[in-house]
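Here are the chains, one letter per residue:
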Amino acid sequence: MTAPAIELKGISKAFGPVQANKDISISVQPGTIHGIIGENGAGKSTLMSILYGFYKADAGEIFIKGQKTQIPDSQHAIKAGIGMVFQHFKLVENFTVLENIILGAEDGAMLTTSLGKARKELKHLADEYGLNVDPDAVIENLSVGHQQRVEILKALYRKAEILILDEPTGVLTPAEADQLFRILDRLREEGKTIILITHKLREIMDTTDTVSVMRRGEMTATVKTSETSPEELAELMVGRKVLLRVDKVPATPGKTVLDVKGLRVVDEKGVERVKGIDLTVRAGEILGIAGVAGNGQSELLEVLGGFADGTGVITMNGTEIPLTGQGADGRARRDAGISHVPEDRQREGLIMEYSAWENTVFGYHRDKDHQSGILMDNAGIQAEAQEKMDRFDVRPPNPKLAAKNFSGGNQQKIVLAREIERNPDLLLIGQPTRGVDIGAIEFIHQQVVNLRDQGKAILLVSVELDEIMSLSDRIAVMFDGHIMGERDPAQTNERELGLLMAGITDTSAVTNGASEEALNDG
Amino acid sequence: MEFLDIVQLLDTSIRLGTPLLFACLAGLFSERSGVVDIGLEGKMLIAAFFSAAAAFYTGNAWLGLLAGIAASMVLAVIHGLASITFRGNQLISGVAINFLAAGMTVLVAQSWFKQGGRTPPLTGNGRFGNVELPFAIGPTEAEAAGRPLSQMIGEAGPIQQLYSELISGHSILVYLGVLAVVATWWILFRTRFGLRLRAVGENPAAVDTAGVSVIQLRYAAVLICGVLCGLAGAYMATSLQAGFVKDMTAGRGFIALAALIFAKWRPVYAMWACLLFGFFQALETRPDLIEAVIGMKVQIQLLGALPYILTVVILAGFIGKAIPPKASAEPYIKER
Amino acid sequence: MDKMPKWADIVLIPVISLLLAAFFSSLVILAIGESPVEAFKLMVDGALMRSAGWGYTLYYATNFMFTGLAVAVAFHARLFNIGGEGQAMIAGLGVALVCLYIPWPHWSLAILGASVGAALFGALWALIPAYLQARRGSHIVITTIMFNFIAAALLNYVLVELLRPVGAMDPASAKFPAGTHLPTFQDMFSTESSKMFRGAPANVTFFLALAACVFVWLLIWRTRLGYEIRAFGQSETAAKYAGISPVRITVIAMLISGALAGMMAVNTTMGESERLILNATEGAGFIGIAVALMGRNHPLGVCVAAILFGFLYQGGAELALWTNIPRELIVVIQALVILFTGALDNMVREPIEKLFIAMRRRNA
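Residue numbers (the working numbering), protein chains in the order written: chain L, 1 to 522; chain R, 1 to 336; chain E, 1 to 364.
So here's chain L without its partners, still in its complex pose (with noise of 0.2 Å):
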């Protein structure tokens, strides 16, 4: 047996309290791809950055091809033959290809000349691992899936041996992902080795040859992937047998709460998100929105929230909502009967620096109940914090501690709460449990299906199908601003949203014989 391309040896690493990699052992095989995968937050980042000279390990020992080094930056990380293709792309937006891929790695203290041998070698590259890129392109205008080549090139003009992508698919189509996926094989075959980070049962399943499991900072096996099964590496991921269906009644769907017809939006860049769709919510339902990231669905809830314009007709309870200016914001919103618990709680759900009973009334600081006179009541509304998060369980169970300082699964719930008391009559909830612990992901689960049982209609947007579809009494699904069709959960598979989601809307060949797929694809 070969040397391994890389070995981590009791990998240790600790952001003040919080271990997030404990004792870490791997060793990976020259030409094979190796996958790596946990739930979001166990630790599987840290590693790599460690692995790429991002952070220091406070103890462990690093060996490339049997050699041991050490990896205090970057540089050294490139040096020693490692390239990384990060989750948020690193490239200079209004640069070109061509400069995206040179810089750090010139040739000469002159342009020109390092321009000239690039453009060769990328030629060179392209030929051979079929990455086409415009090489004078720039990126700004490039698709995303076009940007992570750019990243792939990158690395493979530095002469990188061994590739690691932390999360490739986050951003891509299902389309966009097979391609990638071809493009990591013939890698393979070329002798590269390459690390995949991902939290996606099935690319692990097909496409990995050996995969880790990373849990709460611990490595808690590493399988060959062919010996494994996805029910196997979920229950190794959360440490025991994952609930996949939430106890619920069937809907009793009642009069339309929402309605939406022809809604466009446009963002900031003068982009078409979201393209003209149509739906309704009605009371009683949760109408799952699915979708990969980035298909419209986020710019559907600002719009719906009040914080992005649109145009198009939106009514709700029969009354026309307006879509921009003064009447459309969040507050107005809310006045309309619309709760929501947004996508991002750090950056929009909750002020990270104020306190918890602050963040109870946030979005709802102007009603009279929270005022004395001119001043805010804020003894009142600390006492009401304090009965929510009790009702809420969310820990520690302190209203002065500020929101940062609370774990996600009890951030959201603080969100949660805050919503849900307001007796809403529609609730939109984005991607509700993203980052959040497995016992908080069973409660935030029961609280939205309670919501529907009181006869409230619940929008549902989440980029996790598994979440789809086990809370959804409907399943529309996003592709490039469109929504591709609607489906009854009881009756679809994730292979057939798959392809809906992937902009395919014939699917006749896919539906029968569904469901032992949709357990296979975990």
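Heads up, a few of these hints could be off.
[What the hints assert, rightly or not] Below, a sample of chain E positions facing chain L; criterion: calculated Cβ distance under 8 Å:
{"no.": "1", "residue": "R222"}
{"no.": "2", "residue": "R224"}
{"no.": "3", "residue": "K240"}
{"no.": "4", "residue": "S245"}
[What the hints assert, rightly or not] Keeping only pairs whose Cα atoms sit at most 20 Å apart, straight-line, the calculated EDC-like set for lysine to aspartate or glutamate is:
{"no.": "5", "chain 1": "E", "residue 1": "K240", "chain 2": "L", "residue 2": "D309"}
{"no.": "6", "chain 1": "L", "residue 1": "K269", "chain 2": "L", "residue 2": "E140"}
{"no.": "7", "chain 1": "L", "residue 1": "K404", "chain 2": "E", "residue 2": "D9"}
{"no.": "8", "chain 1": "E", "residue 1": "K175", "chain 2": "E", "residue 2": "E274"}
{"no.": "9", "chain 1": "E", "residue 1": "K240", "chain 2": "L", "residue 2": "D267"}
Treat the hints as calculated values from the structure; they're not laboratory data.
Computed from a predicted structure; not experimentally measured.
Glycine is no exception: its CB is placed at the ideal position from the N, C-alpha and C atoms.
Here the structure of chain L is known, so what remains is to put chains R and E in place on it, guided by the hints.
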């Protein structure tokens, strides 16, 4: 108004535009690297004082220049420490540096020279002399002919007037300023350092993950900024004027900042912007000319505010859009 | 968990920064051949040991409270209002117009009128940069700097061409009528037997400044608007989510900031010079930055820091009078305070945070 008046007005524009140009290029390097510098004014001021003081003691303008650059670089290092090493607020650091320079120059000037915060006037080699180009009519020719220079120039043809007044007869630093524009352009767009510098101002994470030190690049930019501010200040005290007086930069650092925005952070545009703002300042010295041209009295005070007003208009995006480097004013913190 | 206790953040760090600034100021004094101890004694003597000294200290402190509050309010909305100087200059014009052209029967009415004039003109001068920031994304720091220069030019023009009495040489307005004379501390606190605050310019405006501190405290921490200003300052995206309009908050916060900065003109123009002069602000707008930074943007902190700077200012004047140290020493101290409490905050903060974490670990 005669042709010679215009030539002389432009000549003054060049003289007054030069300190702006050095400061503007200084700001360009700093801001292109993502470090905003509103302390150009302070660095110019301290350079003006120390260059004048050193030139006075040594009788050598070049040694004065070196002292000015050194003083300016001390402040540049402070700005670097605050904004790069300690990831502080770059704007606040700039404000502090301006006050530090405003206070220290007077304090030290009073302690050394006891003339109420000024240096004694510089004479002889303590100032940069004017370079007389070949074939130009300059003081040497006038002396040889035994006639007043102004008379000789007045009698010369327009081409000779243009050449002798506008092109020839400036301090060596003025020519250095033009050279600095070309050099800046070349460094920025033709060298590896320039590529990295532009990248670090747009997306420092890209530079960092490419294995290049963000901190080193930014320090390099901030130090270059110090050198150029040193040139700007030294020019003020040892070339444009003969010695240092309290607060002699009088807001030029901010006009340079305005010019930088006006020029959209590009070197050649920067030169034109500085010449334009130098022209406004030159007009302030010749209200009679304006009156002769437009036939009415113009408020000198308001003329002085013109660069600022123009900059606000540009910033407001009514004429084009001034978009600063993306990572401006943001300290770089490593993130995954 | 927070990295360190609150008291360390609001007391310990500013005090350490201040000590650092004091240390370096002492070095500067030593370097120019004077004794820091002697200098400090002289400053204390001149500024604090006589009532007249206090009268000057509090006069300056009044200016700094207003400008410090102005900077602080803007900071809460994460706006850096560096234009307090210009806003105060233009506010002086407002005060002058109110005092010159309205016949006031009594100072108590006049001060109200002048306050309205000052606040209105100050706010107006902040409005354009605020609007440009909110609507067109023009960086407020640059625009407010530009507006300082434009204000100076405008004031110069108005004084020289419009308000200067015929035949006068000074670029200054006419003297305000007697009905606008504000009671000075000397008027208020002197008794038959002892004259207090003799000749000092501190006047009734000082109490207005204290009231402004209370007002700002209520505004920021007890009202919906303050809640929204702070929320916007912490996270613009979250503010949008909550239905808080960034444009509205930017404009309102800057209007309040400009009005507060403008209020100092009541003290200088109406309370002291009793006519509009060219350089009434004397850099107080910029000192507001140091005051707000040191006072951690809290009105109480601003109040204390303003008095400290008032002391420095008056002490500095004494130094210039009795020693070879020019007044500019204060500018240096001010620069050092801004440097250490503002720009180099992390340099002071990080070691202290580490210390507290280490201590906690040992206790745990």
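Outcome of the hint check:
1. R222: The hint holds - R222 of chain E has a Cβ within 8 Å of chain L, the shortest such distance being about 4 Å.
2. R224: 5 Å, holds
3. K240: Nearest chain L Cβ about 4 Å off; hint holds.
4. S245: Nearest chain L Cβ about 6 Å off; hint holds.
5. E:K240 / L:D309: 12 Å, holds
6. L:K269 / L:E140: Holds. K269 of chain L to E140 of chain L sits at ~11 Å (cutoff 20 Å).
7. L:K404 / E:D9: 17 Å, holds
8. E:K175 / E:E274: 6 Å, holds
9. E:K240 / L:D267: Satisfied, since the Cα-Cα distance of roughly 15 Å is no more than 20 Å.
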